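Colleague: Each of the two chains sits in its own frame; use the hints to bring them together as a complex.
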Amino acid sequence: MTGAQASSPPSALIAVGSGGVGKTSVAASLALASALAGRSSLVLTIDPARRLADALGIGALAQSEVRIPDEAFTAAGLTPRAPMSAMMLDVRGTWDELVRRVVPPAVRERIFNSRFYLSLSTALAGSQEYIAMEKLGELMAARPGTLMVLDTPPSMHAVDFLEAPQRILDFFDHDAARALFAPARLAGRFGQKVVELGSAVAGKALSRLAGAEVIRELMDFIATMSSLGAAFSVRARATHAMFADPNTKFVVVAGTDEDRCDEALGMVSYLRDHHMHLAGLVVNGVQAAVPALAVECAASLRGEIGDQVRATIREVQTQAAIDAHLVARFAENALGVRVVTVPRLDTDIHDLGTLYQLARHLGPAFGVG
Amino acid sequence: MLDELAKARLIVVTGKGGVGKSTISAALALASAREGKRTLICEINTDDRLERLLSLGPVAADIRQLSDLLWAVNIRPDIAMREYFDMVLKFDRLSRALTENRLLKYFLRFIPSLQDLVMLGKVLFHAREMDGTGAPRFERVIMDTPSTGHALSLFGVPQVVIDTVGAGALANQATWMRDDLVDASKTSVVLVTLPEETPVNESIEMCAALHDKLKMHPTTVIANRVHEFRFAKRHLATLPASVRPFIEAKKAMAAQSTESVARLAALGLVVRKVPHLTRTPFGRSAVEEVWQALNGDKPPQTRRD
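Those sequence lines, one after another, are chains B and Y.
Going by the numbering used here, the residue at position 318 of the first sequence is 365; the numbering climbs one at a time, nothing skipped.
Going by the numbering used here, the residue at position 105 of the second sequence is 191; the numbering climbs one at a time, nothing skipped.
In short, the hints are calculated from the structure, not lab data.
Owing to the predicted nature of the structure, the values given are computational and were not obtained by experimental measurement.
One should not assume that every hint holds.
Stretch-level coverage of chain Y by chain B, calculated; a stretch enters the list once three of its residues show a Cβ under 8 Å from a Cβ in chain B [stated by the list, open to error]: (1) 277-287; (2) 324-332.
Pulled from the structure, derived: some chain B residues nowhere near chain Y, Cβ distances all over 12 Å [as the list claims (entries may be wrong)]: (3) 85; (4) 184; (5) 319.
The beta-carbon is built from N, C-alpha and C at its ideal position, and this holds for glycine as well.
For reference, chain Y alone in the conformation it holds in the complex (with noise of 0.2 Å):
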């Protein structure tokens, strides 16, 4: 695992759509399993990537076990919601009254993000969980966090409930998550983004708003798809007319990779870069070469302890 997230109990990677966050989730998962650590790795309520990224079998809504060390499970919103009624109101029949009763469920629907809370809620408490010797369940549970609506939004629910139901259960439920969130010994934050203008600008603003915002920790920005090349001026003069735009683009996007490396190190969390990889079909190797890649790229010493 990544020096700097090795104590991580909860490792979410977030960022914004289309910069390779299922990816970078799948490569971290392998390497923990890898390590001798008992690892589930979750998605939420989408479209399953991880069957065709882990190669180990198809992911469901219920937990599996993939490989010795690794679990996998696509979080649902309708199965998440039974499970935490059954787990928080401790009895069937109460834990029944509101799954089937409709008038209730539409009570339901008036508190805000619940479907979001119960989701979250499972990954915080899978992170917790012990087994029946008093050992984690889970060494580590790392989190494909979703691209959809707002990238970070879905780490304000608890918040968000909070102060909207204050008291009773689910307002303890989302207390103790938000606590779990804010913890920097529990729960570590992966950045993933693109080394290009907008989406470094981006990697910014959610930075920022995640220690100011949500009084999160993120530890590590992983640019993804990043171009190398390095070719002299003087032969670019004499290239063939043909060929020159191909090199010329190639060694604008290596520039502006550069570039916006380097505005990522300003935010003083771990660096990493994987390079751009064209791959057809997108699986199970090419993940194992984005983790050659990330482990392989010590980071230079950073401004934190």
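Bound-form chain B, shown alone (with noise of 0.2 Å):
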């Protein structure tokens, strides 16, 4: 029993980390070894990459959940031992679910026909980890026994992710439109509200940059919004105990570029300063190091083939030093999280097999095969 078995098993797997890491690659592959050692998984994509799309067979269909079929292990020559779905967030759609469930019918269509609504949905900050971690909290609470693995929008700082329930509730439940929407207010005098606002100075200026229609409509839109600031507030404070939970994981996923080595300890320590859960820090695409026995060889080996070949596996010393390197400083660095490395596949992530090649290092390592 290794110590990630000793210590709880995860209920779900968050993946965070920058752009081009390979954090969908990872977060597929820890599902798939929980698969794999007898667990159903599920693993919940925002944009994953069409290969892997493919493999895992959600390609174009947003929203609903496949599942893995069984032709898709045998022709990799795995077996599962519990079934594997995989399923892409679609944002807007969980959005009009989540309005539909909290807004009375009567306020419905004029949510669903501002013009703030539409953009809002999608282009908010925050929207889509909002979205996410709605759609977690969804599935967690239909399916207790599936460990769940979300993959996240790529972001520079962990801080975009798990704030972003309590911007959007900061969106609804504010106390400016607290103020602003007294009971007297629902006249809809515009000049009026807009002198509450403290100066007449700011009404110009608010018109002068959106026109005045737009600001009244979108006194309106906040207006409605506002009424419901209760509603999300409940549903935020689910999500922040899903957070605290400490059978939800975060797994913060780095690549071997050192620029973004910062924002992955970024992570990990804003991760451990607001006591989140950290099941890991994944180090993706490692170059393992030369053996002693290659580098003897090319080093007897004559003429110009003989140089081609040391210059190869030079060139193959130099990468895995600058990875050993970059493994090393996070190892230091990672306030005593577990450190996995994942070596460098020669191919992209294209089926189950592939996909195989990173869940053998991982499953291990965070308890989950």
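Modeller: Written out as structure tokens, the structure reads:
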């Protein structure tokens, strides 16, 4: 029994990390490891690469859960002992569902038709992250025995992900909205409302920026949304609780790019500071050292071929040394968080077989296989 | 400067996360300044990389001169917002009202992607800015696009604002911003990618999205970290077992690079290659090597004019 397995098994794993480090692949391979080990799993992704999406069978299907067929496993020479599913998050669709659940029918259409809703549900900072957590919570409640693995949108700072629920909440339940929308206001006297903002100058400024009609619509939209503040607040509290649960664990994914090392370490310390549970830090794409035998052998080769072989081996050795140095840096600075390395693959992830190349390294380390 | 980018006032360097945009941006900026053009390089709200890549001193939230003809800035949203209001509303009392009145700040959150709009707006502003003498303040502006979120969402923000807000100062700004972005005589787009299957797929999609959705004009695609290797098959068989896998792997990577470059050529853009360089630390001298490779790699005749 390894150290990882001795602690409680996760109910959810949340993969965070910068763009381009292989986060989605890591998330999918954790789900695979789980299924191979006998525990059903679901990987929820946001924007998977086409080949990985095809490998998982999700393709263009947003929001429907797709079970990975047995044939995909057998084709890769694998035997699943539990089912594995994949799902692509549909941000707009989930917002719509949320509004339908929380908003009384009379008000729903006004929200759906508002020009601000259209952009808010997709362009608002934190929207994707908030929706991902909503969906995760919904799935966890529905299927308590299944391991949920969430792939998050790429970002430089874990704070974007963790603060998203609160930001969305601020949106709907802000002191400002409450102050503005006292009972007397509902008569819709625009000029008066703006004066309440503090000065006629401020009101003029807003109208200059966006036109009086738009400001009027915005006020109406805010009034509508802020009346729902309490309901969203309940949901946001549930999300907070999910983060705090020791069975919700974060996996920080890093690549071998020296630049992004600090970003990954920043995420580790941020998560730590906020008392989140860290399952580990994955360094993806590490070049293994060249065995001594190969080096000696290359040294003994003659002629142009010998030169070519030595040059190639040297290139690999240099990369391996760079990567080893980076891994050491992670290990020193990861505040005691387990550092797991995954070797560089020769191809991208395009089927379960290649996904398994990651899964076999990650499963045991994360207590999922 | 690369021939196809020589006339551009604004060069936008795009691509997915981890492909080498900052390195390419730095290389282009150094070349531009060396050519005698007043050049500004912009990062967008990121952990700074340009200090290490350019080795000309720190890059900050205000525009700093790094060398005779090179300036740099790491654009931050709060400062860009403040500058925007100062400029657009043209007097301080109003600008202060907007930035300091917390109720107003609350409203502004509902304007979609306002932070993105003012940061992009700052880049575009400097790309058309004139000095007192009627000459451009910066003859070239190079923008290192951020890799977070959807790679192209930043360029779509002006249109979203136009569609949402419709009238008023914000919409007016958003309109000229969009117009400058789609004007091929003003803005050139460089796509950076890796010569591997998935990154090439993504570049092809990105190129299509740039054309079809954003009406922008990619000029150049740069395949970064290209592997080249020629090793005769007959010699492969005679290699000892301990070294053979390494040679086979390198050969396979080189084959993938070749295939990737061929697929990129079908985009009809100028294709340039930068070889895979294992350098540590990856700093100024590595960036110079990148430039040598970019500049020395004369592209074959392409289908475009």
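Colleague: May I ask which of the numbered hints given earlier this structure violates, with the numbers listed in increasing order?
Modeller: none
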